[in-house]
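For this one, chain A is given, so just place chain B on it according to the hints.
Protein chains in written order, with this note's numbering: chain A, 2 to 500; chain B, 2 to 500.
Hints in this document: simulated from the structure, not taken from any laboratory.
Any given hint could turn out to be false.
Under the rule of at most 27 Å between Cα atoms (straight-line distance), these lysine-lysine pairs were calculated in the BS3-like manner [claimed, not checked]: (1) LYS433(B) - LYS260(B); (2) LYS439(B) - LYS260(B); (3) LYS41(B) - LYS95(B); (4) LYS318(A) - LYS255(A); (5) LYS41(A) - LYS95(A); (6) LYS414(A) - LYS318(B); (7) LYS439(B) - LYS318(B); (8) LYS439(A) - LYS318(A); (9) LYS414(A) - LYS95(B); (10) LYS95(A) - LYS414(B); (11) LYS439(A) - LYS260(A); (12) LYS41(A) - LYS318(B).
Protein chains: 2
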Amino acid sequence: VTPLDTKMAPGGKPIAPVALDSLFRPRGIAIAGASNDPTKPGHQVLANLLEAGFPGHIAAINPRGGQIAGLPVYPDLASVPGPVEMLVLAVPAKTTPEMTQVIRDRARTRRDLKVVVAIGGGFAETGEADGARWQEDLAQACREAGVRLVGPNCVGLIDNRYRLDTTFLTGVHRRAGGISLLSQSGAMGAWMALEWGAQPVPVGLNKFISLGNMADVDMVEVMEYLGRDNSTRAIGLYLEGHRRARALLEAAGKVAERKPVVVLKVGRTGQGSDAAHSHTGALAGADAIYAGAFAQTGLIRTQRVDDFTTILGAFDKLPLPLGGRVAVLTNAGGPGVYTLDALADQGLELGQFSPATRAVLGATLPAFASIGHPDGHVDMTGGVSARHVMQALASVLRDPGVDAVFHLFIPTKFTSAEDMAREMLMLLPGLKRHSLDKPLFPVLLAGHGVAQARRMLEEAGVPTFGSPDQAAAALAAMARYAMRRQPPAIGAAADGRGL
Amino acid sequence: VTPLDTKMAPGGKPIAPVALDSLFRPRGIAIAGASNDPTKPGHQVLANLLEAGFPGHIAAINPRGGQIAGLPVYPDLASVPGPVEMLVLAVPAKTTPEMTQVIRDRARTRRDLKVVVAIGGGFAETGEADGARWQEDLAQACREAGVRLVGPNCVGLIDNRYRLDTTFLTGVHRRAGGISLLSQSGAMGAWMALEWGAQPVPVGLNKFISLGNMADVDMVEVMEYLGRDNSTRAIGLYLEGHRRARALLEAAGKVAERKPVVVLKVGRTGQGSDAAHSHTGALAGADAIYAGAFAQTGLIRTQRVDDFTTILGAFDKLPLPLGGRVAVLTNAGGPGVYTLDALADQGLELGQFSPATRAVLGATLPAFASIGHPDGHVDMTGGVSARHVMQALASVLRDPGVDAVFHLFIPTKFTSAEDMAREMLMLLPGLKRHSLDKPLFPVLLAGHGVAQARRMLEEAGVPTFGSPDQAAAALAAMARYAMRRQPPAIGAAADGRGL
Numbered sequence: 002v003t004p005l006d007t008k009m010a011p012g013g014k015p016i017a018p019v020a021l022d023s024l025f026r027p028r029g030i031a032i033a034g035a036s037n038d039p040t041k042p043g044h045q046v047l048a049n050l051l052e053a054g055f056p057g058h059i060a061a062i063n064p065r066g067g068q069i070a071g072l073p074v075y076p077d078l079a080s081v082p083g084p085v086e087m088l089v090l091a092v093p094a095k096t097t098p099e100m101t102q103v104i105r106d107r108a109r110t111r112r113d114l115k116v117v118v119a120i121g122g123g124f125a126e127t128g129e130a131d132g133a134r135w136q137e138d139l140a141q142a143c144r145e146a147g148v149r150l151v152g153p154n155c156v157g158l159i160d161n162r163y164r165l166d167t168t169f170l171t172g173v174h175r176r177a178g179g180i181s182l183l184s185q186s187g188a189m190g191a192w193m194a195l196e197w198g199a200q201p202v203p204v205g206l207n208k209f210i211s212l213g214n215m216a217d218v219d220m221v222e223v224m225e226y227l228g229r230d231n232s233t234r235a236i237g238l239y240l241e242g243h244r245r246a247r248a249l250l251e252a253a254g255k256v257a258e259r260k261p262v263v264v265l266k267v268g269r270t271g272q273g274s275d276a277a278h279s280h281t282g283a284l285a286g287a288d289a290i291y292a293g294a295f296a297q298t299g300l301i302r303t304q305r306v307d308d309f310t311t312i313l314g315a316f317d318k319l320p321l322p323l324g325g326r327v328a329v330l331t332n333a334g335g336p337g338v339y340t341l342d343a344l345a346d347q348g349l350e351l352g353q354f355s356p357a358t359r360a361v362l363g364a365t366l367p368a369f370a371s372i373g374h375p376d377g378h379v380d381m382t383g384g385v386s387a388r389h390v391m392q393a394l395a396s397v398l399r400d401p402g403v404d405a406v407f408h409l410f411i412p413t414k415f416t417s418a419e420d421m422a423r424e425m426l427m428l429l430p431g432l433k434r435h436s437l438d439k440p441l442f443p444v445l446l447a448g449h450g451v452a453q454a455r456r457m458l459e460e461a462g463v464p465t466f467g468s469p470d471q472a473a474a475a476l477a478a479m480a481r482y483a484m485r486r487q488p489p490a491i492g493a494a495a496d497g498r499g500l
Numbered sequence: 002v003t004p005l006d007t008k009m010a011p012g013g014k015p016i017a018p019v020a021l022d023s024l025f026r027p028r029g030i031a032i033a034g035a036s037n038d039p040t041k042p043g044h045q046v047l048a049n050l051l052e053a054g055f056p057g058h059i060a061a062i063n064p065r066g067g068q069i070a071g072l073p074v075y076p077d078l079a080s081v082p083g084p085v086e087m088l089v090l091a092v093p094a095k096t097t098p099e100m101t102q103v104i105r106d107r108a109r110t111r112r113d114l115k116v117v118v119a120i121g122g123g124f125a126e127t128g129e130a131d132g133a134r135w136q137e138d139l140a141q142a143c144r145e146a147g148v149r150l151v152g153p154n155c156v157g158l159i160d161n162r163y164r165l166d167t168t169f170l171t172g173v174h175r176r177a178g179g180i181s182l183l184s185q186s187g188a189m190g191a192w193m194a195l196e197w198g199a200q201p202v203p204v205g206l207n208k209f210i211s212l213g214n215m216a217d218v219d220m221v222e223v224m225e226y227l228g229r230d231n232s233t234r235a236i237g238l239y240l241e242g243h244r245r246a247r248a249l250l251e252a253a254g255k256v257a258e259r260k261p262v263v264v265l266k267v268g269r270t271g272q273g274s275d276a277a278h279s280h281t282g283a284l285a286g287a288d289a290i291y292a293g294a295f296a297q298t299g300l301i302r303t304q305r306v307d308d309f310t311t312i313l314g315a316f317d318k319l320p321l322p323l324g325g326r327v328a329v330l331t332n333a334g335g336p337g338v339y340t341l342d343a344l345a346d347q348g349l350e351l352g353q354f355s356p357a358t359r360a361v362l363g364a365t366l367p368a369f370a371s372i373g374h375p376d377g378h379v380d381m382t383g384g385v386s387a388r389h390v391m392q393a394l395a396s397v398l399r400d401p402g403v404d405a406v407f408h409l410f411i412p413t414k415f416t417s418a419e420d421m422a423r424e425m426l427m428l429l430p431g432l433k434r435h436s437l438d439k440p441l442f443p444v445l446l447a448g449h450g451v452a453q454a455r456r457m458l459e460e461a462g463v464p465t466f467g468s469p470d471q472a473a474a475a476l477a478a479m480a481r482y483a484m485r486r487q488p489p490a491i492g493a494a495a496d497g498r499g500l
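Chain A extracted, bound-state conformation:
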């Protein structure tokens, strides 16, 4: 594995490593380059901090003074009184000589600065001598001042729990959850974060960090930090290639022993790899080497942004299955067949119903329902009532031969999606009380017509899925992760919990 990019790696390790908590928990933030001009990054950073409701002190800095968004503007960093633990540089790269002096002065006089976030471009990524020198000088000044440097040429940081947003992105949602995203590409991270916000209910974003040129803080350190961070339940990693690829994969592998790490690694193909090299200077490396390392370290790899989004959301909200044996209950025949294909494509097997389950299903469902053709699959038919669906669901969830349940639903003239959602919300608390903590995948087919029902369920903490393909990808990832964390006892493979 040789994804080295010396061009991007001018700095060594910092002299005095500061805990990365400061990245996400600064007591006060100053923005150099704050501006009234909405096309300037410094404007958007300030707007985002205010919109997020950042609880600490915010200081806008601009030599021209005046006011921005109702805040007084300080002419320089020296004039800012309160504790400034984070300085956001939203200024042109050519001001670096001045900025390094500002950082040194603040460290000498006030000793409050802990982190510099340099969001502007024009540094080593340009391939030009000036840019490389400015980046080296900035890193050097931060090292000497005992200050950590994020970037330069990065999008910045978000912490939805701490209401921090130092990015210049627009439209990122503020719904705090258990998923943290570490992205090598700012735009890719932005795309993902925005896709998460476009779900029926946003995928809960905990922290977002895009590191840019990584002159100091790199992905290895952040991965280790997120592994220790108790509020992060699952980690999404977008990767093109890393100069410390082996260290990153080792760190991620250790984290994956405690919480799932889902990786979207691009540059998989020849032409993609060429473009990745041109983009972040990353040598993407032979994809087979990465693939092997992901498998060995227990990382979960996806190739599509939609799968990445769905899998992370499922890890955040669903209990882990004990195995991969799935039952499928559907009120629509064709979509049921489609789903069995999608599950088989993911290597998932159907569960086996106990005689007790079969008896309940036979007594509950309409006469023409097809139960157990094949075993583990129930076509309840379109005529089934929402209440009978719930009785069937409860019996299947209780069956020890079933690790997870898919519930496919298409609205019919007998049962609206909202009726079904209401019945499900009455059923689930009782099941949880009886410790039936198996993952349930409600798949609500048919676009706009089920949007309201999906929101009802999601707002109540029940994740929903828009297609069998997405749900199958999520269950497969969860089952594989669960099996790796808790492999079946010797001999237990015979009970069919294979994957």
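Relative to the frame of chain A, chain B by itself:
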């Protein structure tokens, strides 16, 4: 290939075949079982015909009389005066003896009836003797009366151009377009039709038909009809297995010489095949046999509903490419790399820029843009203006080394999605005037934030895409179809237009 289902096939060929135009162009429709009860199919059929704005005579039939939705109710079919070319049976299967008499009487006295659409279930699909006999009797009566029978146990028909909707589905959109959908499963057809309606602008639905038990009209005949239908530009086929599989594939193959046929065939896997048999009685057959037949006959196979939707929409709205050489222009590096991987996965190659194109790109784009790394790929960077994007697009579309263009866009603080859409709408008419009729794939990343821009473009007839994966699947299908219809001349393979 042996997908036989004698259980479902009680009828022979009709004695006097009536042209299938009557299915979609009846002058008058009567609904037996019309009802004020919204849970009854007969209510929904009437509501759909009214909502669609069906231009012919609509007659509600119910022995109880009264009014439904402001229409007078006739006590029986004999009382309906105007021409009744289509009779929709929304009555229980057990009324079949009475219905067969009604059909015979109308044929004897008025001679206007051409089609019976039997949407109710309870026939041969139940596997019970009564149901099978009723189906046979109904088919027999229709044959003797010279009337075509659709169903029984079907969802019915939609023709958005003729404003016909005899289904009991809710939420199907009414936007007429070039795509016709032939579905073996009613619920699957409903799912697809509803997904089409949930796109930023609905995929244009021309005709929809779900044939149920196929006691008379079967998929072969409808496929041939849709092949002849000038308003149908592309055909979607959902298939589990067909008793005349060979004839269906031959018919579809002939149609595919004139217009694309996109197939979603389920029962691909062991467990899916078992469920398909239980669902429609179809013996799904070894998937490899179907796969071979699809390839041989030039049908386009997809495995996912989202791909099916996107590919059909692209065929409806985009010109066919002359080959598979694609250029990728992006304002975001990471998503560009991701897209090159997605294209390679689909077997698509990058085009090669001419020196003239390189010169224009170099003169137009920002200094830090990455042009041709690899060849055919341009990272315009986030700082590019909408106007410069359009100049770059125009030069790449003109390049003879490029068959199709992907334009990836993520909103930035410099350029909103709406700005970009406005500029594109100014550019495209001029390009069309100069006969540059190459397919352009605008891929607008980032969920909610680009919804309005996608609608602006789509309303103006410019298809848009929400992910590189979807766009790559569409281009690959189009390029393969184009190559099959017009294979390159001998020796032309050397110019790189391979797939």
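Evaluation of the provided hints:
For the hint linking LYS433(B) to LYS260(B), the alpha-carbon distance of about 23 Å falls within 27 Å, and the restraint holds. At roughly 18 Å between alpha-carbon atoms, LYS439(B) and LYS260(B) fall within 27 Å of each other, so this suggested pair holds. Of the pairs offered as hints, the one joining LYS41(B) and LYS95(B) holds, with about 16 Å between alpha carbons and a cut-off of 27 Å not exceeded. Restraint check for LYS318(A) and LYS255(A): the C-alpha separation of about 22 Å stays at or below 27 Å, so the hint holds.
For the suggested pair LYS41(A) and LYS95(A), the alpha carbons sit about 16 Å apart, so the restraint of at most 27 Å is met. Taken as a hint, the LYS414(A) and LYS318(B) pair is broken in the structure, with Cα atoms around 33 Å apart against an allowance of 27 Å. Of the supplied pair hints, the one linking LYS439(B) and LYS318(B) holds, its CA atoms being roughly 12 Å apart against a limit of 27 Å. For the proposed pair LYS439(A) and LYS318(A), the alpha carbon gap of about 12 Å is at most 27 Å, so the pair holds.
Note on LYS414(A) and LYS95(B): the hinted pairing holds, with a Cα-Cα distance of about 21 Å set against a maximum of 27 Å. Taking the CA atoms of LYS95(A) and LYS414(B), the gap is about 21 Å. The hint holds against a cut of 27 Å. Restraint check for LYS439(A) and LYS260(A): satisfied, since their Cα atoms lie roughly 18 Å apart, inside the 27 Å limit. A C-alpha spacing of about 38 Å is found between LYS41(A) and LYS318(B), which places the hinted pair above 27 Å, so the restraint is violated.
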